[in-house]
Amino acid sequence: MSKSMLPGLTRDEILRYSRHLLIPEVGLEGQRRLKASSVLVIGTGGLGSPVALYLAAAGIGRMGLVDYDIVDASNLQRQVIHGTGTVGKPKVESARARLLDLNPTVQVDVYNEAFVSQNAMQIAEGYDIILDGTDNFPARYLTNDVAVFLGKPNVYASIYRFEGQVSVFDARRGPCYRCLFPEPPPPELVPSCAEGGVFGVLPGTIGTIQATEALKVLLGVGEPLIGRLLLYDALDMSVEFVKLKKNPKCRVCGPDADIKELIDYEKFCGVPGHDHDMGSAGKGYDITARSLAERVRHNGLVLLDVREPHELEISNLPNAVNIPLGTLAARLAELDSARDMVVFCRSGTRSARALELLASAGFSRVKNLKGGINAWAREVDTSLPIY
Amino acid sequence: MPILRIPTPLRSYTGGQVEVQVNARSVGEAVEKLVEMFPTLKPHLYNDDGRLRPFVNLFVGEHNIRDLDGLATPVAEDTRVLVVPSIAGG
Chain A
13 MSKSMLPGLT
23 RDEILRYSRH
33 LLIPEVGLEG
43 QRRLKASSVL
53 VIGTGGLGSP
63 VALYLAAAGI
73 GRMGLVDYDI
83 VDASNLQRQV
93 IHGTGTVGKP
103 KVESARARLL
113 DLNPTVQVDV
123 YNEAFVSQNA
133 MQIAEGYDII
143 LDGTDNFPAR
153 YLTNDVAVFL
163 GKPNVYASIY
173 RFEGQVSVFD
183 ARRGPCYRCL
193 FPEPPPPELV
203 PSCAEGGVFG
213 VLPGTIGTIQ
223 ATEALKVLLG
233 VGEPLIGRLL
243 LYDALDMSVE
253 FVKLKKNPKC
263 RVCGPDADIK
273 ELIDYEKFCG
283 VPGHDHDMGS
293 AGKGYDITAR
303 SLAERVRHNG
313 LVLLDVREPH
323 ELEISNLPNA
333 VNIPLGTLAA
343 RLAELDSARD
353 MVVFCRSGTR
363 SARALELLAS
373 AGFSRVKNLK
383 GGINAWAREV
393 DTSLPIY
Chain B
46 MPILRIPTPL
56 RSYTGGQVEV
66 QVNARSVGEA
76 VEKLVEMFPT
86 LKPHLYNDDG
96 RLRPFVNLFV
106 GEHNIRDLDG
116 LATPVAEDTR
126 VLVVPSIAGG
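Sequence lines, in order, name chains A and B.
What the first sequence shows, in the working numbering, is residues 13 to 399, in sequence order.
What the second sequence shows, in the working numbering, is residues 46 to 135, in sequence order.
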């Protein structure tokens, strides 16, 4: 947009943004440019929280928020845009209220729905840049493809435990997400934050870098992370950069691209497009907490706990054998395939994977505790905490 | 000896080790030595047909081995090989 077309700032806005106006790289023109800008923040969770807060504070003109989820107490350890008072409310509504309190001059559009192939292009086309704050592979591939097809920058960040990645994928000027990761990992090999956990401050660090990149792209200043991937590790406080090149074989942005429209991303990734625990191994392979309580009372069966040892301090079931999922393949000899067995974890997701592993090794008398030890804590022994 | 840097999601298979030294002359040899030391890591790095999984990226210095000589990319005594997997948390 040419300078003469940019919106002006009111007296209040000049005061509000005075610390920006003092920086030559932003100045009055840059601030007017931010006011004319629009961003789409996909996901209002760990990354979306600092991203939305800082971009609203910076004076972005219009911000779209996409999330289908509701605020849960377990979100508040890191999702700082929400609060105790908004637990149980839609995340986009909780976020909008906080953003408008922070900066009422920002227009906040909310999409209280999942970001899926059916609505993604329509939602994203009205924004200048897209920020990927999603929490699962289907949504990440979808976000990438939407950005490529619409010719918009995808400011990307992702996190796991203590580690974060940030880049700016802009297929017009550099590689896209698929150039780096042509295929998603098989679902059984990579745990999500819901299973693996995340250091609460990590999305704050990574999300603010993501917001920084978005502002640089919008202002046209500095060197955005196009063609570079930032790798952050909070434990050893290391930051490394690697170079990313366009992949000539990329299926969406390469010269011979064969993906020309949005696909079924859940099918492509083999997992649902959300980070919620399903806690089920499928029909016929599950046992409910109440049924297990009956079985435990009447006959002996092996209880196999596949959680990590440090989780046993939070809650445990008497007489359970602990073999963490990651070591199960190497420790099968410790188990007797002739005995009935029930596998469990926190929520039933890891134990469903353990059941698959056991079944492929010839264990046929195994069931998965649906909903994990948390379901047991809800339905059988309410003295146990839910985590 | 060259060093492989192990990312968080894979550290539970290396006994928590962040960096692993291996005696190798190429990236491919370094990864083979790594999975010999930590066999449960193997399915995370290799497909059933023995090829490196496409979601695992290996970088020598700043460069993806895809842009160099792939697994044949040589490594020197002081080379650091970064293992960069895809993570999806947000």
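Since the hints were derived computationally from the structure, they do not count as laboratory data.
Just so you know, not all the hints are guaranteed correct.
BS3-like mimics (lysine-lysine), calculated; alpha carbons at most 30 Å apart, straight line [unchecked claim]: (1) B:K78 with A:K279; (2) B:K78 with A:K255; (3) A:K257 with B:K78.
Status of the hints after comparison with the structure:
Of the supplied pair hints, the one linking K78 (chain B) and K279 (chain A) is violated, its CA atoms being roughly 34 Å apart against a limit of 30 Å. Using a Cα cut-off of 30 Å, the hinted pair K78 (chain B) and K255 (chain A) holds, with the two alpha carbons roughly 26 Å apart. For the proposed pair K257 (chain A) and K78 (chain B), the alpha carbon gap of about 28 Å is at most 30 Å, so the pair holds.
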